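Colleague: Each chain, letter by letter, is given below.
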Amino acid sequence: MSKSVVIVGASMGGLRAAEALRNNGFDGQIAVIGEEVHAPYNRPPLSKEVLAKEVTHEAVAFKLRAQVEDVIWNLGDPATSVDLEKQVVTTASGKTFEYDGLVIASGLRPRVLDLPNGKVSGRHTVRTLDDAIGLRAALVPGAQVVVAGAGFIGCEVAATARGLGCAVTNVAIDSYPMIRPLGELLAAELQRRHESKGVNFRLQRGIKDLTGTDSLSGVILDDGDFLEATVLVEAISSHCNVEWLANTNLDISNGVLTDSALRAVTTEGQSVDGVYVVGDLARFANPLFDDEARRIEHWNIPTETGKRVGAALSAYLAEADHFAELAAQTFTPLPTFWSDQYEMKIQGFGMPGLADRYELVDGELSDELVMAYFRNDVLIGVVGIGMTAEVMKYRKQLLGT
Amino acid sequence: MITIDVDMDKCQHYGQCVFEAPDIFKLNDNDKLEFVATADDSRRSDVESAVDVCPMQAISIVE
Ligand SMILES: Cc1cc2nc3c(=O)[nH]c(=O)nc-3n(C[C@H](O)[C@H](O)[C@H](O)COP(=O)(O)OP(=O)(O)OC[C@H]3O[C@@H](n4cnc5c(N)ncnc54)[C@H](O)[C@@H]3O)c2cc1C
Ligand code: SF4
Chain D
1 MSKSVVIVGA SMGGLRAAEA LRNNGFDGQI AVIGEEVHAP YNRPPLSKEV
51 LAKEVTHEAV AFKLRAQVED VIWNLGDPAT SVDLEKQVVT TASGKTFEYD
101 GLVIASGLRP RVLDLPNGKV SGRHTVRTLD DAIGLRAALV PGAQVVVAGA
151 GFIGCEVAAT ARGLGCAVTN VAIDSYPMIR PLGELLAAEL QRRHESKGVN
201 FRLQRGIKDL TGTDSLSGVI LDDGDFLEAT VLVEAISSHC NVEWLANTNL
251 DISNGVLTDS ALRAVTTEGQ SVDGVYVVGD LARFANPLFD DEARRIEHWN
301 IPTETGKRVG AALSAYLAEA DHFAELAAQT FTPLPTFWSD QYEMKIQGFG
351 MPGLADRYEL VDGELSDELV MAYFRNDVLI GVVGIGMTAE VMKYRKQLLG
401 T
Chain W
1 MITIDVDMDK CQHYGQCVFE APDIFKLNDN DKLEFVATAD DSRRSDVESA
51 VDVCPMQAIS IVE
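Line by line, the protein sequences give chains D and W.
Residues in the first sequence are numbered consecutively from 1, following full-length UniProt numbering.
Residues in the second sequence are numbered consecutively from 1, following full-length UniProt numbering.
Pulled out of the complex, with its shape left as it was, chain D reads as follows (with noise of 0.2 Å):
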């Protein structure tokens, strides 16, 4: 009988898990079980032009392969939980999915602040076309905003929501935006422009209460102050949703550590065959950087991560000579990432947020710009403002060639 595989998760890792399946030549059947009731879809515009236009599912949907055409998809029907030894999966409406390879693909949710007036209406975030559709229609001219969190995603909505015309007070823990990838000076310098854009900030305080009956009226911050506000948006971190994979022995302590065929292992160390996890959720160590397993919330992971996961899972299904050699074979993706906020373009490549040194190797704090990042002197990150061609210098140098 001809084998299946079922892909949890019907984000990017789940769709590009199925095409490489299909590519390494796999003909059984792939089912994917999604949450949401759409289609794979790009998320990085929802808080960026998508956002600023109009959100609709058109706009950001991939396109779908003549290759995963017979994928079969149970969408807005979330898995429940897995049984491991039965190789089954149960989704909330009660189906159930044997499989003979399984791929974890839920990827995030964002976390939300836990307040004692937390019931006002006006409260959003951002991690879904839902999401995004939402908060489009909220960010009117004038609306007065608050961004609790300063990471990529909160200044891109920040970004987003001044140019829509609407007040706009970015609130973090952090003492510079964005500066755990960027480090203090590139930071700092992303604050002024920010500022020079419009944007408030309130840095290295925390929200304590919201006011407001039945909506949202304003913010009282950690020090006593207090913002008026229409609109919170939450951009402060996230939750991996494991919550499926709860009964079973798989170290899920922060995503699912994978071994580096990207299967999943257990609490043990073992390594389960044909289970495999793909995209924000995986924890693997990275030999371009060092042993540590880390999960990497970038925008190539899941494509790199579901065509390594699709080769792999394709050879062990099809019980072939060379999935040994596959499996064994280091996997070094390059972490990619990119931001548009106004008028700049930030690209990064490597894990700038590991280094302990960095420098401005080209242009001007000021203006375009080249920041290199070093780990006990090896350049470990490259971050551009404008400047690709410069920037692709350094991408070279981390890859090694």
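Honestly, the hints are just simulated from the structure, not real lab data.
Remember, it's a predicted structure, so these values are computed and weren't measured experimentally.
It cannot be assumed that every hint is accurate.
Claimed, not checked - Derived contacts from chain W toward chain D, CB cut-off under 8 Å, selection only: (1) Q12; (2) Y14; (3) D23; (4) L27; (5) D52; (6) P55; (7) S60.
As the list claims (entries may be wrong) - Calculated lysine-lysine pairs in the PhoX-like style (CA-CA distance at most 25 Å, straight line): (8) D:K197 with D:K48; (9) W:K32 with D:K345; (10) D:K197 with W:K10; (11) D:K48 with D:K345; (12) W:K10 with D:K53; (13) D:K48 with W:K32; (14) D:K396 with W:K26; (15) D:K63 with W:K26.
Don't be surprised by glycine CBs; every beta carbon is placed ideally from N, CA and C.
On the provided structure of chain D, position chain W with the ligands as indicated by the hints.
Modeller: Coordinates of chain W with the ligands only, in the frame set by chain D:
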């Protein structure tokens, strides 16, 4: 032959596509994307990789 289309309203000239198929996509001296609109069928897999890595999802293969 395959026909390649880049939606220039979407393209932000990030140049990710260049790594996947340098014979088809390149950034010119002004850091703007230039591309060859047709390619041999044998280039399909690399062009599909370029489609995958484009942050703006601006590239398509016209079927
Ligand atoms: C607003 C926004 C902007 C971003 N911008 C950038 C950017 O500019 N650059 C960059 O590099 N990265 C960016 N990212 C990150 C990038 O989008 C993610 O890395 C990528 O989406 C991860 O894909 P994934 O498939 O692993 O997970 P996800 O896209 O999170 O997909 C997981 C899917 O699984 C579903 N699911 C969850 N639980 C279950 C269950 N039990 N059963 C079935 N389905 C389930 C979820 O509903 C979801 O659809 C951004 C992310 C967001 C949200
Ligand atoms: S990767 Fe996409 S956005 Fe970047 S240059 Fe190529 S087509 Fe344009």
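Colleague: For each hint, tell me whether it holds in the structure or not.
Modeller: Hint check results:
{"no.": "1", "hint": "Q12", "result": "6 Å, holds"}
{"no.": "2", "hint": "Y14", "result": "6 Å, holds"}
{"no.": "3", "hint": "D23", "result": "17 Å, violated"}
{"no.": "4", "hint": "L27", "result": "6 Å, holds"}
{"no.": "5", "hint": "D52", "result": "5 Å, holds"}
{"no.": "6", "hint": "P55", "result": "6 Å, holds"}
{"no.": "7", "hint": "S60", "result": "7 Å, holds"}
{"no.": "8", "hint": "D:K197 with D:K48", "result": "16 Å, holds"}
{"no.": "9", "hint": "W:K32 with D:K345", "result": "13 Å, holds"}
{"no.": "10", "hint": "D:K197 with W:K10", "result": "24 Å, holds"}
{"no.": "11", "hint": "D:K48 with D:K345", "result": "12 Å, holds"}
{"no.": "12", "hint": "W:K10 with D:K53", "result": "13 Å, holds"}
{"no.": "13", "hint": "D:K48 with W:K32", "result": "21 Å, holds"}
{"no.": "14", "hint": "D:K396 with W:K26", "result": "16 Å, holds"}
{"no.": "15", "hint": "D:K63 with W:K26", "result": "23 Å, holds"}
The structure shown violates just one earlier hint, number 3.
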